[in-house]
Structure formats: C-alpha cells, structure tokens
Amino acid sequence: MSVTIHLPSVLARLADGNRVLEASGETLGAAVLDVATRFPSLGERLRDQEGNPYPFVNYYLNDEDARFHGGFGASVRDGDEVTVVPAIAGG
Amino acid sequence: MTLPELSSDEILRYSRHLILPDVGVEGQRRLKAARVLVVGAGGLGSPLALYLAAAGVGHLGMVDFDAVDLTNLQRQILHGTADVGRPKLASARERLADANPHVQLETYETRLTSANALEILRGYDLVVDGTDNFATRYLVNDACVLLGIPNVYGSIFRFEGQASVFATTEGPCYRCLYREPPPAGLVPSCAEGGVLGVLPGLIGVIQATEAIKLIFGIGQPLIGRLLLVDALGMEFRTVRLRRDPECPACGTREIRELIDYEAFCGVTSESETGDSSVPVVTPLELAARIGRREDFDLIDVREPHEWAIGKLPGARLVPLGTLEEAAVALDPTRPVVVYCRAGIRGAKAVRKLQEHGFNKVANLTGGIIRWSDEVDPTVPKY
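Protein sequences, first through last, are from chains L and E. Residues 1 to 91, numbered by my numbering, are exactly what the first sequence covers, in order. Residues 1 to 382, numbered by my numbering, are exactly what the second sequence covers, in order.
For the record, the hints were derived by calculation from the structure and aren't laboratory data. Beta carbons: idealized from backbone N, C-alpha and C, even for Gly. Treat each hint with caution, since some may be false.
Unchecked claim - Ranges of calculated distance between the beta carbons of each label pair, as one might list FRET restraints:
no.	chain 1	residue 1	chain 2	residue 2	range
1	L	G70	E	Y382	42 to 48 Å
2	L	E22	E	P332	39 to 45 Å
3	E	P245	L	G73	15 to 21 Å
4	E	G219	L	G70	31 to 37 Å
5	L	G70	E	A263	28 to 34 Å
6	L	G73	E	I218	37 to 43 Å
7	E	A263	L	H69	28 to 34 Å
8	L	R38	E	D295	39 to 45 Å
Generate coordinates for the entire structure from the input sequences, incorporating the hints supplied.
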C-alpha cells in the first residue's frame, strides 16, 4: 500500500526538506517504519526505540486520530493520507 | 441570568455587531456579561486580547509576570517601543483601555502556578491559553477541567500553529490530545527556534474568534477538532479529536488537584541553564585565551542562518546536527571551545564531543548573548 505522509516543517528538515513523503506498508506503523528507515534522524522523532509512537507526536489517518483506530497497527489503504502532528507550545 | 443593558455609547460602538443577524443586541449583551481570562500577554495574548476588548467582552482578565523585551516587539502588538522594560501588563492595560474603555480589566502580575491557578481562574466563563511552555499549558488545561471552564487553545512554532477548544462538557481536553509532554529540551521554544511574527496574529485571532463564538453561542466551535495552520503553504487543515476515556484529567478524573507541572514536564534548572557537569569557560576567560593566542579550536554549533547574524573571531561553523560527523575529522587531543546562542546547544555539543573521546572541551557559558554583554557588544544579541 502506498500512503502519503504530511510532515510539519520542523520535521521536514529531517527528511531533506520534504513536507510530503510517499511511504509503503500494510499498517500505519509499517509506513512510519518505511520513512524512518529512509530518514533515520526523522525516524527518531517519529517513534521511540521500541518502535512505538510517542505520546507527544500524534498521527491522523485521513484526519482521524489513529490512536482510536489501532495506533501503529491501523491498516492503511492505497491513497490514505497521514498527518504527523507533534506537540508545540510556543505562544 | 439577566444580561446587562447597553449604553447609547456602546450601541454606537458595537453597531456593526448589532446589525449582524446572528448577534444582535442580545449577543452583544452576552459579550458584555462575559468574563474571559487570557493567560499570557505575549504573541498570542496580544492580538486576542485586543480583539476581545474591541469586541466588547465585559470583563477581561490577563495573567503575565514578564517585562517587555525588545525581541517581543516583532509580534507582541500590545506593547510598543516605549514599553521596553515595563511590565507587560502595564502596557496591556493602557492599550486595552484605549481600545475599549467599557471593558473592565483585571490584571494578575504573577506566574500562573499550581498554588494560584484555581483561585485566579475561578469565576471566569472562558480561559484563553496564550502561554508559551508545556508546563503552563498542562496547568491551564487541568485547572480548566477541574473548574469546568472551556479552554480556548492556541500554540505556535516557527511557521505553524494549532488551535482548538478544550475542556467543554462534551469535548476532549488538552491531555486527550497529548497525554504527556515531550522531554524537556526536545522541542525548542520560540526563543530558541524562532517564530514568524504574524503567526501569533493568525492563531491568536482564531482563538479570539472561537471565544466570541462560544459567548454568542453561534457557529461550530473547534470542539473536538484541531485546526492546523501552515503559514508557508497557507494551508488550513482540521483533524478530528476525540475525548479519551482514559484521559487522567477529563476521562478517569484521577487528577483531582493540580500537580507539580514543572516536574511533570521534566523542567529543571539544569535544562534551562545547562548541565552543571559540562566544563565551561566564561566569556572573559575565553577572551583572555584568544588574547594570549592560545592554540585551540573554537567551534560555533549554531545554524548557518544564525552564523550570518554574527560570530566570534576565529570560530568555525559546525552546526550541532552535523557535529558527530565532523568530530571524526577533528583531533580529540586538541583543546576545543564550543559556543551557541545561549549555552544550551553548546552543552549538548560538549557531551557529544566527550562521547567521541574529546577530553579538553568546554562550553562558552551563556553563549554569544553573554559574550556580547561581557566582551564585545558589537557582536549582536538576538
């Protein structure tokens, strides 16, 4: 399956400046692992050392909170869109 | 509740609201009756408080402990050049009173803490979160959940922002969105990472819009939705949020009182001032070493765009992210001094170099800012 991953600019710099990445995998976690393998420094910001999501980086699968659809285990389909939203606190 | 009457002055002032079909006199009287607390008189607090005051919110509270700094003026439009050094709430009071003398202003010149938050927030109908750090965001959230006050949230970083409405009876809270904060130091603050000056204008005005809609009781507020704003792509995206049944604040309700938020967010004096185990050199000591023409490597670990602002004589640029790669080509037996803007990245650089076997490495304490203060003011602070 091929999905599109949207990154905020703060993470895009760890993916050679790409705001949008194509990734493949049967699940959200596999798609994240795909980009984490291609961009190891980005990978460190997307998943912890055990490969689990951080509590301060959320994933939205077609604009729905992935945590309520199985988290990294959520199955994805061709054309799905994933938005990565890390916590920010500036004001 | 009986809504307050509008004076003839107020009727004229708010006429563009009064002729809006969904607002009218009753909506404006609701605004006059409303009590809204703005936490933070900075980037977000400035535009949102100005619009809330101009719109006619009857009772506006503001909390802030800070003084106006020259670096604030690029975005904090409540304050002017003549206000530098004054308490932010002093300039806020003057500016807001001028914007609308009908608004009752209440200012709390204090840091919002677990000890005072419930007392300050109690009695307000709405809280608008314009704070600039994770600890205060969790504090504001938990206090709002405990008191049952909606929390109009906004947050910014560099070119992007987020907004939502939390802690309503039906919707999620900030902890439903992010159960835990990132480790201290992982996400840079605006002071470290920069922020586009107009961005808090965009997000703050969205917060003000949400607050006013909630008071009027019209439209679809951002309850259960997170608005993501990308100023560079000028894209607005909304993702759906859900109330988390396991949320310790609004779900299980195991948070029955305010906690130590600095500890929760891992904020310690160490993360603010640098690790005390890292060897340091003061600006005066470094200047003396340069003056004696001592043989050592001076490495600037900032980013190229910061290097372009100003640098120390004899330094070479090796951004922190590339340091480990560059360390391979350096001689670990040579003395090394590293520096950054304020000393935090320098301390990280020292630890990285130590891991690569460098044992004569020190961090310029206070970074280029303290160098400018103590040695050479022609090197600009930023």
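Structure-based check of each hint:
{"no.": "1", "hint": "L:G70 <-> E:Y382: 42 to 48 Å", "result": "holds (45 Å)"}
{"no.": "2", "hint": "L:E22 <-> E:P332: 39 to 45 Å", "result": "holds (41 Å)"}
{"no.": "3", "hint": "E:P245 <-> L:G73: 15 to 21 Å", "result": "holds (19 Å)"}
{"no.": "4", "hint": "E:G219 <-> L:G70: 31 to 37 Å", "result": "holds (33 Å)"}
{"no.": "5", "hint": "L:G70 <-> E:A263: 28 to 34 Å", "result": "holds (32 Å)"}
{"no.": "6", "hint": "L:G73 <-> E:I218: 37 to 43 Å", "result": "holds (40 Å)"}
{"no.": "7", "hint": "E:A263 <-> L:H69: 28 to 34 Å", "result": "holds (33 Å)"}
{"no.": "8", "hint": "L:R38 <-> E:D295: 39 to 45 Å", "result": "holds (42 Å)"}
Comparing the model with each numbered hint stated earlier shows that all of them hold.
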